[in-house]
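Asks: Here's the letter readout for the chains.
There are 2 protein chains.
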Amino acid sequence: MLKPAASARKVSPARYDDALPKLRTNLLNAHFRLREQKFPLIIIVSGADGAGKGELVQRLNEWLDPRGVKTHAFWNPSDEERERPEYWRFWRALPPAGRMGILFGSWYTEPIIKRVMHKLKGRRFETALDRIVAFEKMLTDEGAVILKLWLHLPKPAQKTRLKKMEKEGRIAPDDWKHYKLYDRFTKVSGQALAHTDTATAPWHIIDASDRRHRELTAGRLLLNTLQARLKLAALPKVKTVTAADLVAAVPTAKAAPARKVSSVLGKVDLTQKLTAVEYEKQLAHEQVRLSKLAWAAYEKKRSMILVFEGWDAGGKGSAIRRLTQAMDPRLYNVVGIAAPTDEERAQHYLWRFWRHLPRAGMSTIFDRSWYGRVLVERVEHFATPAQWGRAYGEIAEFEAQLAEPGNMVHKFWIHISPEEQLRRFKERQTVAYKQYKITDEDWRNREKWPDYALAVDEMVEQTDVPTAPWTLVAGNDKKFARVQIVRTIAQRLEETL
Amino acid sequence: MLKPAASARKVSPARYDDALPKLRTNLLNAHFRLREQKFPLIIIVSGADGAGKGELVQRLNEWLDPRGVKTHAFWNPSDEERERPEYWRFWRALPPAGRMGILFGSWYTEPIIKRVMHKLKGRRFETALDRIVAFEKMLTDEGAVILKLWLHLPKPAQKTRLKKMEKEGRIAPDDWKHYKLYDRFTKVSGQALAHTDTATAPWHIIDASDRRHRELTAGRLLLNTLQARLKLAALPKVKTVTAADLVAAVPTAKAAPARKVSSVLGKVDLTQKLTAVEYEKQLAHEQVRLSKLAWAAYEKKRSMILVFEGWDAGGKGSAIRRLTQAMDPRLYNVVGIAAPTDEERAQHYLWRFWRHLPRAGMSTIFDRSWYGRVLVERVEHFATPAQWGRAYGEIAEFEAQLAEPGNMVHKFWIHISPEEQLRRFKERQTVAYKQYKITDEDWRNREKWPDYALAVDEMVEQTDVPTAPWTLVAGNDKKFARVQIVRTIAQRLEETL
Chain U
0 MLKPAASARK
10 VSPARYDDAL
20 PKLRTNLLNA
30 HFRLREQKFP
40 LIIIVSGADG
50 AGKGELVQRL
60 NEWLDPRGVK
70 THAFWNPSDE
80 ERERPEYWRF
90 WRALPPAGRM
100 GILFGSWYTE
110 PIIKRVMHKL
120 KGRRFETALD
130 RIVAFEKMLT
140 DEGAVILKLW
150 LHLPKPAQKT
160 RLKKMEKEGR
170 IAPDDWKHYK
180 LYDRFTKVSG
190 QALAHTDTAT
200 APWHIIDASD
210 RRHRELTAGR
220 LLLNTLQARL
230 KLAALPKVKT
240 VTAADLVAAV
250 PTAKAAPARK
260 VSSVLGKVDL
270 TQKLTAVEYE
280 KQLAHEQVRL
290 SKLAWAAYEK
300 KRSMILVFEG
310 WDAGGKGSAI
320 RRLTQAMDPR
330 LYNVVGIAAP
340 TDEERAQHYL
350 WRFWRHLPRA
360 GMSTIFDRSW
370 YGRVLVERVE
380 HFATPAQWGR
390 AYGEIAEFEA
400 QLAEPGNMVH
410 KFWIHISPEE
420 QLRRFKERQT
430 VAYKQYKITD
440 EDWRNREKWP
450 DYALAVDEMV
460 EQTDVPTAPW
470 TLVAGNDKKF
480 ARVQIVRTIA
490 QRLEETL
Chain W
0 MLKPAASARK
10 VSPARYDDAL
20 PKLRTNLLNA
30 HFRLREQKFP
40 LIIIVSGADG
50 AGKGELVQRL
60 NEWLDPRGVK
70 THAFWNPSDE
80 ERERPEYWRF
90 WRALPPAGRM
100 GILFGSWYTE
110 PIIKRVMHKL
120 KGRRFETALD
130 RIVAFEKMLT
140 DEGAVILKLW
150 LHLPKPAQKT
160 RLKKMEKEGR
170 IAPDDWKHYK
180 LYDRFTKVSG
190 QALAHTDTAT
200 APWHIIDASD
210 RRHRELTAGR
220 LLLNTLQARL
230 KLAALPKVKT
240 VTAADLVAAV
250 PTAKAAPARK
260 VSSVLGKVDL
270 TQKLTAVEYE
280 KQLAHEQVRL
290 SKLAWAAYEK
300 KRSMILVFEG
310 WDAGGKGSAI
320 RRLTQAMDPR
330 LYNVVGIAAP
340 TDEERAQHYL
350 WRFWRHLPRA
360 GMSTIFDRSW
370 YGRVLVERVE
380 HFATPAQWGR
390 AYGEIAEFEA
400 QLAEPGNMVH
410 KFWIHISPEE
420 QLRRFKERQT
430 VAYKQYKITD
440 EDWRNREKWP
450 DYALAVDEMV
460 EQTDVPTAPW
470 TLVAGNDKKF
480 ARVQIVRTIA
490 QRLEETL
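Order-wise, the sequence lines are chains U and W. Residues 0 to 496 in numbering that gives the first Met the number 0 are what the first sequence lists, from first letter to last. Residues 0 to 496 in numbering that gives the first Met the number 0 are what the second sequence lists, from first letter to last.
So here's chain U without its partners, still in its complex pose (with noise of 0.2 Å):
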């Protein structure tokens, strides 16, 4: 089933260029759309090492709606998994309906490298194999959808490929020493695939030696397979804005004096800004050491929590990116906070935090946080005052347990200007495939950004704190914040560790 290709295919930067904007705005469009629907969709990157799984999963996770997809890196199992039957972790990384999983190791990854080392005969393989066919049956059969990606390198490909992650730092442990096995991981992952290719969860090889061809093949299927579920229905309707919409969000007098008085954002120079050079090299710079620094935590068992709060547009998701380009996706979690599930609704409003932090060496960063309490909650009077009020409180001693065992809690405010806001805004309005991100509530906040400027000015004087420090970030130039943002953590991290 892998045979080595006659020649590699490629994809041409032009072409890669040409193609892309149309299937990231067919992408998103589709991700939205799977949100209405009662059925999950599950994505299985794997392959061969150095073949850029890694590197595919943070693409499909640029591409696709951060608060819609969750990544789950199956490695190192816990003991609360190594004592339950082997598929309890795979159970507990399920997406649930309208969501995608992206599955970065899987239910393959275990009986392909056991059978690779000897360490299973081949009839128990082949057993393991069929659990596999008939659990992914028995999801399909409730509706959901596998999308099964393998990634495949011609093995000198692979040498080289693995020859440049050891420079940039991005190599795993037990990487070259599966190397040293190609021929029989090929031999065995072939029959892996041959024993699970099902008409319900079929297999796609992709050549993954160029990673234009190998992204853009991945994007198109992911695409494919999601319409065809989808029945191909019409587009969904995107909320088209009316000029009377923007004028009256343009922000009048009323707002001004807010910002006078805002004693904290006042401060944060907005008119620093970054060049395109300077950018490229900078964050290229900030991302190899942070991507070093990462695997320094992780071997000292420390972890990051990573707070981003902001202004709407204020970039929140494209900085997330643009730091998580940086790890190695087995090492961090990105938790996008949005309305609560009734189980969440059913406890304290800490609670759903606390569930999802990190084990020791991984990082959690959320996409907003437990400080809509102090902000949204606050301001649309959701929260009486006597609740935001001792929030403060609260969040302190929250902070300190999360700092308490040598792990590095950083905050991050993403300031823009109204205008520069509103400028977004109206972009947005016009780039189809960012037209998702703009909401009837966007318009609604930004006309209380004086409540909203209040709220930050005493979030941050209440709450900014040695081990559990809050970085202001010049957003006006999206590039300078990328880049402070980066190298802010790598700064930060280089102290702790």
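Source of the hints: derived by calculation from the structure; they are not laboratory data. For clarity, every value in this text was computed on a predicted model and none was experimentally measured. Check each hint, because a few of them may be wrong.
As the list makes no split between identical chains, a pair holds if one copy fits it or if it spans any two.
Capping the alpha-carbon separation at 30 Å, the derived lysine-lysine pairs in DSBU-like fashion look like this [said to hold, decoys possible]:
hint	residue 1	residue 2
1	K300	K120
2	K299	K120
3	K300	K113
4	K113	K299
5	K69	K299
6	K163	K69
7	K163	K299
8	K136	K118
9	K477	K21
We have chain U already, so just place chain W on it with the hints.
Replies: Below, chain W without anything else, positioned relative to chain U:
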């Protein structure tokens, strides 16, 4: 704070028996009303070793609606727990709104034990206690009710108790070690209690020398706390059954043939019974046996997964209580299966069972289970024939995975005759503290007896395998049924270990 009482407070058996029915009725009614509320109730059971904490926890479980209460024993932390801030495990265990959580051991245990063992300096002990005060305040601020019970035992009484427990095989490894530190333990506990005795979460110190005294006192404290919080609103209305309901529900001729069709259930000899004397003797014997076996299973890291299904009013709940009486509350968890939460509804139907699987050496007792798929969902047409049809295979695969690591999977169907069910339904109307158990749905289900009988037949035929067998329990005589269940589990466990 913990001074020896001049003389132990005692309650005579007569006074106990006299007070109990009213207490239980009121407790159940109050518990039932809690369901509708937007706050949780947290019961902390702490105190000296051998003071009867475990027994009290069991008694409370016996008195309350098992579907609305969950016991958490804080014991060996898992590495997932150890790798996160100390309080993560407590957050994990907090009951949601409308429910009770009984915490056997709590955030008090570690600071007190460490301080007794001189592993915590006085200053840091106080910091730990401050953290507790802040934590409890945070919970009560948001509406939680915390009932803190401290079972106090004079030194000579503790010695007597530990000896008795040792004889019965119910002693935990550290108990004697702690006894030698009695005076220091009493002093440190006293400090902890004084420091954390707050207006919103006060301590209640119970003289634990006499079982009946401590149980009644704890029960009354719980009742008072609950009623005070429920603001002594009028007792909820209990469904009243009319004569017409009874007539309508009497099994008619159409029910009779179905029982003959039933090949599996027809073989159960429902005339089997035990006298009260036989029952007491045999149950006690089997419980002691099971108690020791459960500890042996724990040491060998073998788990039990027990499933209880049966006709409404078949006696599942009371049978489970006889079973759990024999087990240390740290070793098991009872999971009552009712309507799924929205997080559960968004997943494959087996997901909600996977999440409750026990760690190695622990056990989970399911009060209703995944068999709902082929019983109620089949009969009520919530699942399509294709869905419940393939469920047999899915369940077989699931149970095979459960049994694989050497765990014991056992399933019970408690069978009663339609006549006996009717007798019990009527009884439930007349005994006040049983009224909450009977609902309109029970009467509706009763009318579908023949459909259920067919479904049960097929279920047992399809899923009765040596690694996960069904036991059909003759339930017309509750005494016989309870002994049969405890004995079956003890026997099978003995064979398994």
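Asks: Hint by hint, which ones does this structure get wrong, listed from lowest number up?
Replies: none
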